[in-house]
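Visitor: Chains as they are written, first to last, in the working numbering: chain R, 332 to 676; chain V, 332 to 676.
There may be inaccurate statements among the hints.
Said to hold, decoys possible - If you only want the chain R side, here are some residues facing chain V, beta carbon under 8 Å, derived:
(1) 381
(2) 383
(3) 384
(4) 470
(5) 472
(6) 485
(7) 491
(8) 502
(9) 506
(10) 508
(11) 541
(12) 542
Simulated from the structure, these hints should not be mistaken for laboratory data.
We put the CB at the ideal spot given by N, CA and C, even for glycine.
Number of protein chains: 2
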Amino acid sequence: MTPVATLQHDTAVAGAGLASAPGLDRILRIVGADLERVNRVVVDRMQSPVALIPELAGHIIAAGGKRLRPVLTLSSARLCGYEGDRHVELAACVEFIHTATLLHDDVVDESGLRRGVPTANALWDNKASILVGDFLFSRAFEIMVADGSLKVLRTLSAASATIAEGEVHQLATTNDLSTTEEEYLEVISAKTAKLFEAAAQVGAIVADRPDTAERSLAAFGAHIGMAFQLIDDVLDYSAHQATLGKAVGDDFREGKITLPVILAYRRGAPAEKDFWRRALEDQRIEDGDLDRAIDLMRRHGALTETIERARHYASSAMRSLDGFPRTPIREALGDLVAFAVERPY
Amino acid sequence: MTPVATLQHDTAVAGAGLASAPGLDRILRIVGADLERVNRVVVDRMQSPVALIPELAGHIIAAGGKRLRPVLTLSSARLCGYEGDRHVELAACVEFIHTATLLHDDVVDESGLRRGVPTANALWDNKASILVGDFLFSRAFEIMVADGSLKVLRTLSAASATIAEGEVHQLATTNDLSTTEEEYLEVISAKTAKLFEAAAQVGAIVADRPDTAERSLAAFGAHIGMAFQLIDDVLDYSAHQATLGKAVGDDFREGKITLPVILAYRRGAPAEKDFWRRALEDQRIEDGDLDRAIDLMRRHGALTETIERARHYASSAMRSLDGFPRTPIREALGDLVAFAVERPY
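Bound conformation, chain R alone (with noise of 0.2 Å):
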């Protein structure tokens, strides 16, 4: 297991998951010397007397996420003009947030990869992966009373719920080929979006800006997080498993009913909705069955379509930036919205 002293180097340069991505130099910076105060703050506060603790928490944070939501946090907060300190430790604590989420994502889909390596899960078991969870989410909640705001904490204890709902509407969903294109919209925006958002708006909120500008961020939030789980779901259907770091076909082996699925399936002659229900309703996969899965969704259009609501929503995000000024930092959120899009992982 990873001891503390690798983890505190591997997690100092950990931002690499972003530093490397194309066309974020602006943006990094912009906000690199604020994200590396954030990776600190999160080794610093997933420490704990109970070893396994840091050891599990290390293993996934160092792994190297994007850091895409904690950025948001800094960049609304520079966006907004504020000049203090505490956008670093609440974007950290929007990161203990989604960590922990993934922790009991991998868990409730039984992933054995995540960002390449194997997941927590893996390494260790089911249970230390749900009450390791817990604690970050619980060290999150410390991290906002800290901070003292009734209005950041409400923003965030609201996002938990609705991610929470999110996750259990998705399950409800899964394997089941009637869910319709509104219900996976809910479900993305629940489970996906509504962090983006309120990392956006608590940017704003530490900034202390009028309500206009913090409605304006939230649903810049709001917007860049669906473009980036339509993305997602895209990827999951075409990206080598080198790039993106997990295995290719994931959802379809867990009967994920996601849009490329829907509009596929919708699209198709008879025989090959038969096949979408052998595979994803009855769960009964067989050789080839992905292969064939991603030649229908290209026959119907049906990656291209959703990269184009994708495209949709990074639109919609840029123009909810249309009240700030034109400074670096607007024009650099204009980078990460095209990241979300173009991203080839």
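Position chain V relative to chain R; hints supplied.
Guide: Quick look at chain V alone, frame taken from chain R:
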């Protein structure tokens, strides 16, 4: 699955858990009406458009726990002369944190039975239990934020982190007979006593009592929590399944290192130590092993000595109330302490 209408009925009578307990009529005469209001808040606040949430949450809540923790919050507030309404919502919040912990515990322990009925993870699955637990936990924080007291938030978020820490610590000591008595006490203090402590403390906080009263009630809660868990660990080797409502020997089969085990192992002859190692460390359990374990515990006085420790904590709990006037509610809290130690389930 349970329709909401049935749920509400079941939950309305769920206070029966305590109402039917011997010797608790005095405390129920005082806080019974408040407890009914808590039950209504619980049912109301577990609602969600995602039907699986109230179905699953309702199952565990309607199963009729003893509601000891919310009763502690309610009676603590009354002992402090509180006459407002905040204690009702906060008692429901304490019960939500407890229920979320139970849902995750049952997944971690792979339990099939709790309070005499099948567990949620047995009826639905682990996935739903994990995610609905997360929802209830988030909802608990939403209730606290609506209450608006940072002091309450600080107390309960710190308690939540400590509980998770204690659960991970317990996981790390499982199957490890080198676990010391001191470590065991740390584990139960964190995983169980901390929420009893916070539950009682919150009652003093809403009543806005001086620090000494708050500290006394926190100590009262912590001590009754220790006594409660010690007895729980004895009952797992002695109660009849019909009264305990869970399978006797669960701790034994899971390899949990509780005080009765630590004492019997320490006092055992070499052949007995081999037995304990095979059963609890190597987890090779044979027919008749549970009976042998119980026999060894009895022979070495491990169960009676654990009960003695529980009585010691019970006395400390009573002494914590010395500074309060001898009102009916203070007398009734004595019944609650007696129940924690003398209860048959």
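Visitor: Would the hint on residue 485/R be counted as holding, given a Cβ-Cβ threshold of 8 Å to chain V?
Guide: Hint holds; residue 485/R Cβ to chain V Cβ min 5 Å, cut 8 Å.
Visitor: The hint names residue 383/R as touching chain V; please verify it with the least Cβ-Cβ distance against 8 Å.
Guide: holds (5 Å)
Visitor: Go through the hint on residue 472/R and say holds or violated, using the shortest Cβ distance to chain V against 8 Å.
Guide: Nearest chain V Cβ about 4 Å off; hint holds.
Visitor: Does residue 384/R hold up as a contact with chain V if the rule is Cβ-Cβ below 8 Å?
Guide: holds (6 Å)
Visitor: Does residue 502/R meet its interface restraint, that is, does its C-beta lie within less than 8 Å of any C-beta in chain V?
Guide: Constraint on residue 502/R satisfied, holds at 6 Å.
Visitor: Should the hint that residue 381/R touches chain V count as held when the rule is a Cβ pair under 8 Å?
Guide: Holds, because the Cβ-Cβ distance from residue 381/R to chain V comes to roughly 5 Å (cut-off 8 Å).
Visitor: Tell me if the interface restraint on residue 470/R is satisfied: Cβ within less than 8 Å of some Cβ in chain V.
Guide: holds (5 Å)
Visitor: Close enough to count: is the Cβ of residue 542/R nearer than 8 Å to one in chain V?
Guide: violated (19 Å)
Visitor: Going by Cβ atoms only, is residue 541/R closer than 8 Å to chain V?
Guide: violated (22 Å)
Visitor: Can you verify the interface hint for residue 491/R: is its Cβ closer than 8 Å to any Cβ in chain V?
Guide: Where the cut-off is 8 Å and the nearest Cβ of chain V is about 4 Å from residue 491/R, the hint holds.
Visitor: Should the hint that residue 508/R touches chain V count as held when the rule is a Cβ pair under 8 Å?
Guide: Violated, because the Cβ-Cβ distance from residue 508/R to chain V comes to roughly 18 Å (cut-off 8 Å).
Visitor: Can you verify the interface hint for residue 506/R: is its Cβ closer than 8 Å to any Cβ in chain V?
Guide: Constraint on residue 506/R not satisfied, violated at 12 Å.
Hint compliance for this structure: hints 9, 10, 11, 12 are broken, all remaining hints hold.
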